[in-house]
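Since the structure of chain A is provided, determine the placement of chain B on it from the hints.
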Amino acid sequence: MSASTIVSVDNLVKRYGSLTAVDHLTLNIGEGEVFGLLGPNGSGKTTTINCILQLLSYDHGQVELFGRRATPTSYDLKRRVGVVPQEVAVFNELSVRENVDAFCALYVSDRARRRQLVDEAIDFVGIGDFEKFRPSKLSGGLRRRLNIACGIAHKPELIIFDEPTVAVDPQSRNAILEGIQRLNREGATIIYTSHYMEEIEQICTRISIMDAGRTVASGTADELKSMVGTGEKINVGCSVPDEATLEAVRSLSCVRAATYASGHLLVECLAGDHNLSDILGVLRDRGVSYGRVLSEPPTLNDVFLEITGRELRDEA
Amino acid sequence: MMRANFKATLLSIVRSPSLLFWPLAFPIILSLVFSMMFSGLEQAYRLQPVSVAVVRDANYDKATGFDELLSSVDDDGDEWHVFDVSSVGSVAEAERKVVDGDVSGYICLDADANPSLHLSPRASFSLGSGSLTSAQSVLDSYIRVRSEMEDLAKKDPMLLADPTVLQRFSSDAVSTERLSVTANDPKASVRYYYALLGMAAGIGSVLAMKAIRETQANATALGARRTLAGFPRWRVLVSSTAAAWLASYACLAVGFAFIRFVLGVDFGGREGLALLALGAASLVSSSAGAIFGTFASDSGSGVLTAITCVLSFFAGLYGTYSQQLSDQVAHNLPLLAAANPIRQISQAFYSLMYYDSLEPFAAHCATLLVTALVLGSVAAVRMRRTSYVNL
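Respectively, the protein sequence lines represent chains A and B.
Mapping of the first sequence onto UniProt numbering: residues 1 to 316, in sequence order.
Mapping of the second sequence onto UniProt numbering: residues 1 to 391, in sequence order.
Some but not every residue of chain A turned toward chain B, in silico, with C-beta under 8 Å:
| no. | residue |
| --- | --- |
| 1 | 56 |
| 2 | 75 |
| 3 | 83 |
| 4 | 85 |
| 5 | 89 |
| 6 | 90 |
| 7 | 93 |
| 8 | 94 |
| 9 | 98 |
| 10 | 105 |
| 11 | 106 |
Computed beta-carbon distance windows for the label pairs:
| no. | chain 1 | residue 1 | chain 2 | residue 2 | range |
| --- | --- | --- | --- | --- | --- |
| 12 | B | 254 | A | 16 | 43 to 51 Å |
| 13 | A | 111 | B | 15 | 19 to 27 Å |
| 14 | B | 25 | A | 110 | 36 to 44 Å |
| 15 | A | 20 | B | 306 | 34 to 42 Å |
| 16 | B | 15 | A | 257 | 53 to 61 Å |
| 17 | B | 355 | A | 111 | 44 to 52 Å |
FYI, nobody ran anything at the bench for these hints, they're computed from the structure.
Being a predicted model, the structure only gives us computed values, none of them experimental.
The beta carbon of each residue, even a glycine, is placed where N, CA and C say it ideally should be.
Isolated chain A, as found in the complex (with noise of 0.2 Å):
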């Protein structure tokens, strides 16, 4: 983490009547960072983000954006942050280019500062072809290219992205990981939501795992790896092994479940140094032959399953 601290969020509580959608949470994130939210449907990262941006009011706690504590009326505290929504939010009526420069005319007054702001903001997102449509003339991909840009044209030091790619394909996902991450090159702090662990793992140095309006991990995404007993899957090309064999191989420590199909055995380990010496060891023992080994270590996906438990969530 960078030396200073873009949002800091302290001890935040925020309820619905009787329900707590934030408890108690506690968050720093640092000049640089791109900082992955992650959590179930209803776990409270919204609500979050809604009342970082002041939109929410909440009971108790404090934010800080840059230092300075925020408020709903934090008007140049705003002017700092840019925010993509979930759901593309645009101009239905306007063109591209009217969009863009109707969203950066709410932080930037100055109109030729503005036009340069807006040509930047097109480019960036690489809609240029596309200005003179409307979003409803516009591919999924390009309406969210479109809202990014209306989020970022003012060039903003915080850029908050709230579940960018949902519905999109890959190429516009990649297109979209990659402008966050030259966004950030150039110096803007992220934050970002989403239910894509491999998105997450992709961009993210720092991840906040989030439930029940709590964090319950944070830390990269190694750090956040190592904090949980799954290890890595084990996949071994090798000769039918025998019964014996395969309950010699689930009766190892280190392991949590070993199938054979198709000439492979799969095995999913649970944290350790030697899983893999240890596995072969038992097929070398026992005279089975095999070919090609491939060791897939614990994803994010695996750690955040782990932690937040693998029952379906729906939200309210």
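Quick look at chain B alone, frame taken from chain A:
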């Protein structure tokens, strides 16, 4: 910033055909309907000369002064041009002219020299009731005057030798004088058009509702995004409301221009002041629309339309009964009538049309502005929120 937001809001309104349709088309469509409805009414009261054949037979020769009477109402340039007279020798000839369509009817006199008017069925339908009544009145007045002269001759024959008495009978002097107490002649239909413009203003409130909804974080995602603006909230709200007002005013002005210049509805020659009243009217409707735009629910346009319809009823839009009720409310409950902006709009035009003084007009406009101020204040309190308990 305000200019950019004003432009964005205005463009988003004018590029929404479904939103603009009713505020723009409603006054035009309904005024056309009114125009068709009232054309028969206006026609009925317009004096058209009745073309008649006059049977100049022996009875005609006996009718003292009848020839002079017909001459006096057969003058093209006269205000009382009641008959277009052609002469025939017999009833049969007159009937033939009627059948041939050369005249609408004929006048013949009986043995007592009393004239009677015979009209073809077609003429009875095609001529307005005003024309027919006038034609009959001319003949009735002849019979009455002649009868008076005959009575006078029986009582004091010497009086008939007095030229001043005869002059009084033959002159067209009348005992009553026609005076206009209003700046312009009363026209029954104009009140409907004035109330219609009031209703059109009410319908235009949906424009402000849309404009404000799109600034409210609790109503739309776009509103949430715009609530995060880096400038004081009032700038977004004022520029958005101003754009909605301008769009609403433009719609009303188009409707007014159509009613005034295409349909020829009279506004007492005070079109400039009428435009001023429309400005105040759209200010009230924009303020009301702005209030409804602050609600999270999307049912505002239905509620606004319903309120507009009810208020239009009490502004006299829906016929004679509605107008009577409107007048009764104004007479017995003046504060309630003043609180009905559609009635105030209608009455502002009414004042322009019928009063020499501009005082009543100014009073109605002032009432509209106060209403706009009250509604606008309520809207401002609700609109200015930047932080919500719920989204």
